[in-house]
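Colleague: Here the protein sequences come in this chain order: H and Y.
Position 220 of the first sequence, counting from 1, maps to 220 under my numbering, and the rest follow consecutively.
Position 201 of the second sequence, counting from 1, maps to 201 under my numbering, and the rest follow consecutively.
Since the hints were made in silico from the structure, they are not lab data.
C-beta: ideal position from N, C-alpha, C; glycine also.
Check the hints yourself; a few may be wrong.
[Said to hold, decoys possible] Simulated crosslink set (DSS-like; lysine-lysine; CA at most 27 Å straight-line):
| hint | chain 1 | residue 1 | chain 2 | residue 2 |
| --- | --- | --- | --- | --- |
| 1 | Y | 53 | H | 59 |
| 2 | Y | 216 | H | 61 |
| 3 | Y | 61 | H | 61 |
| 4 | H | 216 | Y | 216 |
| 5 | H | 53 | Y | 216 |
| 6 | Y | 53 | H | 216 |
| 7 | Y | 216 | H | 59 |
[Unchecked claim] Taking beta-carbon pairs under 7 Å as the criterion, some of the chain H residues facing chain Y (in silico):
| hint | residue |
| --- | --- |
| 8 | 32 |
| 9 | 34 |
| 10 | 114 |
| 11 | 118 |
| 12 | 125 |
| 13 | 129 |
| 14 | 136 |
| 15 | 164 |
| 16 | 209 |
| 17 | 212 |
[Said to hold, decoys possible] Computed beta-carbon distance windows for the label pairs:
| hint | chain 1 | residue 1 | chain 2 | residue 2 | range |
| --- | --- | --- | --- | --- | --- |
| 18 | H | 165 | Y | 194 | 41 to 49 Å |
| 19 | Y | 165 | H | 194 | 44 to 52 Å |
| 20 | H | 83 | Y | 188 | 27 to 35 Å |
| 21 | H | 165 | Y | 50 | 35 to 43 Å |
| 22 | Y | 48 | H | 57 | 24 to 32 Å |
| 23 | H | 54 | Y | 194 | 51 to 59 Å |
| 24 | H | 54 | Y | 199 | 29 to 37 Å |
| 25 | Y | 188 | H | 57 | 42 to 50 Å |
| 26 | H | 54 | Y | 47 | 44 to 52 Å |
| 27 | Y | 24 | H | 83 | 28 to 36 Å |
Protein chains: 2
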Amino acid sequence: MEAQQPQHPYFPRSMSMPHYQPSQFSAIESLLTVGGSAFAVGLLAVFLIGRTKTPLTCKDKFVAIWMMVSAGIHMVLEGYFVYHNRDLAGMQTVMADLWREYSHSDSRYLTSDPFTVIMEGVTAVCDGPFAALTAYGVLTDSPVRYVAQLIVSVMQLYGNVLYMLTNAFEGFAYSNPHPYYFYGYFVFMNAIWVVIPIYLIHDAWTNIYRGMLIAKRATTVTKKSQ
Amino acid sequence: MEAQQPQHPYFPRSMSMPHYQPSQFSAIESLLTVGGSAFAVGLLAVFLIGRTKTPLTCKDKFVAIWMMVSAGIHMVLEGYFVYHNRDLAGMQTVMADLWREYSHSDSRYLTSDPFTVIMEGVTAVCDGPFAALTAYGVLTDSPVRYVAQLIVSVMQLYGNVLYMLTNAFEGFAYSNPHPYYFYGYFVFMNAIWVVIPIYLIHDAWTNIYRGMLIAKRATTVTKKSQ
C-alpha cells in the first residue's frame, strides 16, 4: 500500500482539507480582479478628494485614499472570508479563488483556524468602519480624524503583528516556503499593514499631542481672562 | 488494559501535558499573593496621587490607579507567563501556581498555545509601558494622557476580545465548565479588561474630540488675527 498523498497543494503537507477544490480562474485573473477593485475604490477616493472644499496636503490625500482602500479590503474581501470561512476551500467564486491563492502563503485561511477567523472578523467589523470614518474625517476636516486614524491604525498593526508572529511561532508551518509565496505574499503584503499603520500612529500621536497642548493653553487663557 | 487517565486536571481532558506538576501553594495562597501585590501597586498609586500638584477629578484618580495596576499585571504577571511559557506547567513558584490555578479556566496558558503566548507578549511589551505612560500623563497633566489612554485601552480590548472569542469559537474546549472557573475566572476576570477599556476609549475619544475642536478654533482665530 502506498502512503496517501494530500489532495491539496498547501502547507503543512500533512494537513487534512477534505473539502478542497482547485480554482477555476487563474491566479493572475483573481489577483487582477481584486487589484482592479481596489484601484476602483482608490479612484473613487481621488474623485471625492477633487470635490471636497477642505484644503488637503499630500499626506491628507494619501490618508484618504489609504483609508478608503483599507475599508474596502477589510469589509468586502476579509468580510467575505469570515462569512464563508468554513466552505471557502471548495467554493467556486473569484473571491474564493483569491483566498485559495493567498493561502499558499498561509493555509490557516482554508481551515477555519480560530485565531484567523476571529481576528479577521474584528478587522471586518471594526477596522473597516473606523477606516471609512477616518477618510470622512480627512475629507471634512472633522476633529474625529486623528482619533479614528489612531484607533484603526493601532488595530491594523496589532492584528497584523499577532497574525505574522503566530505563524512565525510555529516555524512558518502554514506557509509554502517558495520565495514568491513566502516573501511576495506573506511578508510583503502584510508588511504594508505594518509599516503604514506605524507611520499613521506616529502622525496621529503627533497631531493629537499638539492639539491637546493648544487646547490646554487656550483653556488656561480663557480661565485667566474670566 | 485500562484506558490511560490524563495526569492533569485541565480541559480538554484528552490534552497531553507531560511536564505538569501539581502546585505546592494552595489556590488561596497564590491568589492572595498576587491580589496583595496588585493592592500594593494600588497603594503606590494612591501615594503618588497624594503628592502630585495636578488637580485630579475622581475619574482621573481612578484612571491613575487602574493604569498603574494594569501596568504591573501586564509587565510582571503576564511577562512572567511569556518568559516561562514552555516550563510553566511544571515550575514550583507562586507565580506558576497562580497560572496553574487560572488555567483551570483556560488551559492554553500551560501548553504554549501560539496565539496566547504572542498576544500576552504584545500585552507585556506594549500595553504595560503605555499603561504606565497614561498614569504618568494623568499625574502630570501631560497632553500625552489621552492619546496613551486610547492606545492602551484599544489594545487591551482588542487582545481580550480575541482571547475570549477564540476560546468561544472552539466551544470553550479549554475551560473547566465548573461555574467557579468558567464564570469566576474566565468570564468575570476578563470582563474587567473589556468593560473598563470600553469606558476609557469613550472617555479618551470625547476628550480628544473636544481638544481637537478647541485647537482648530484657536488656530483659526490666530490665523484671522494675523
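Colleague: Let me know if the C-beta of residue 114 of chain H comes in closer than 7 Å to any C-beta of chain Y, holds or violated.
Modeller: 4 Å, holds
Colleague: Under the criterion that the straight-line Cα-Cα distance not exceed 27 Å, is the pair residue 53 of chain H, residue 216 of chain Y satisfied?
Modeller: 16 Å, holds
Colleague: Quick check on residue 129 of chain H please, does its C-beta sit within 7 Å of some C-beta on chain Y?
Modeller: Status violated, d = 14 Å.
Colleague: Starting from the hint 41 to 49 Å, judge whether the C-beta atoms of residue 165 of chain H and residue 194 of chain Y obey it.
Modeller: With a Cβ separation near 23 Å, residue 165 of chain H and residue 194 of chain Y fall outside 41 to 49 Å, so the hint is violated.
Colleague: Starting from residue 61 of chain Y, check that the Cα of residue 61 of chain H is at most 27 Å away, please.
Modeller: It is violated: about 40 Å lies between the C-alpha atoms, which goes past 27 Å.
Colleague: Does the nearest C-beta of chain Y fall within a distance shorter than 7 Å of the C-beta of residue 32 of chain H?
Modeller: 33 Å, violated
Colleague: With a cut-off of 7 Å, does the beta carbon of residue 136 of chain H approach a beta carbon of chain Y closely enough for the hint to hold?
Modeller: Interface hint status for residue 136 of chain H: violated (14 Å vs cutoff 7 Å).
Colleague: Holds or violated: residue 125 of chain H as interface residue toward chain Y, Cβ cutoff 7 Å?
Modeller: Where the cut-off is 7 Å and the nearest Cβ of chain Y is about 10 Å from residue 125 of chain H, the hint is violated.
Colleague: Report holds or violated for the interface hint on residue 34 of chain H, using the least CB-CB distance to chain Y and a cut-off of 7 Å.
Modeller: Violated: closest Cβ of chain Y sits about 26 Å from residue 34 of chain H, beyond 7 Å.
Colleague: Is 44 to 52 Å right for how far apart the beta carbons of residue 165 of chain Y and residue 194 of chain H are?
Modeller: 23 Å, violated
Colleague: May I ask you to test the hint 29 to 37 Å on the CB atoms belonging to residue 54 of chain H and residue 199 of chain Y?
Modeller: 32 Å, holds
Colleague: Under the criterion that the straight-line Cα-Cα distance not exceed 27 Å, is the pair residue 53 of chain Y, residue 59 of chain H satisfied?
Modeller: Violated - the C-alpha atoms of residue 59 of chain H and residue 53 of chain Y are around 40 Å apart, more than 27 Å.
Checked against the numbered hints given earlier, the structure breaks hints 1, 3, 8, 9, 12, 13, 14, 15, 18, 19, 22, 23 and 27 and satisfies all the rest.
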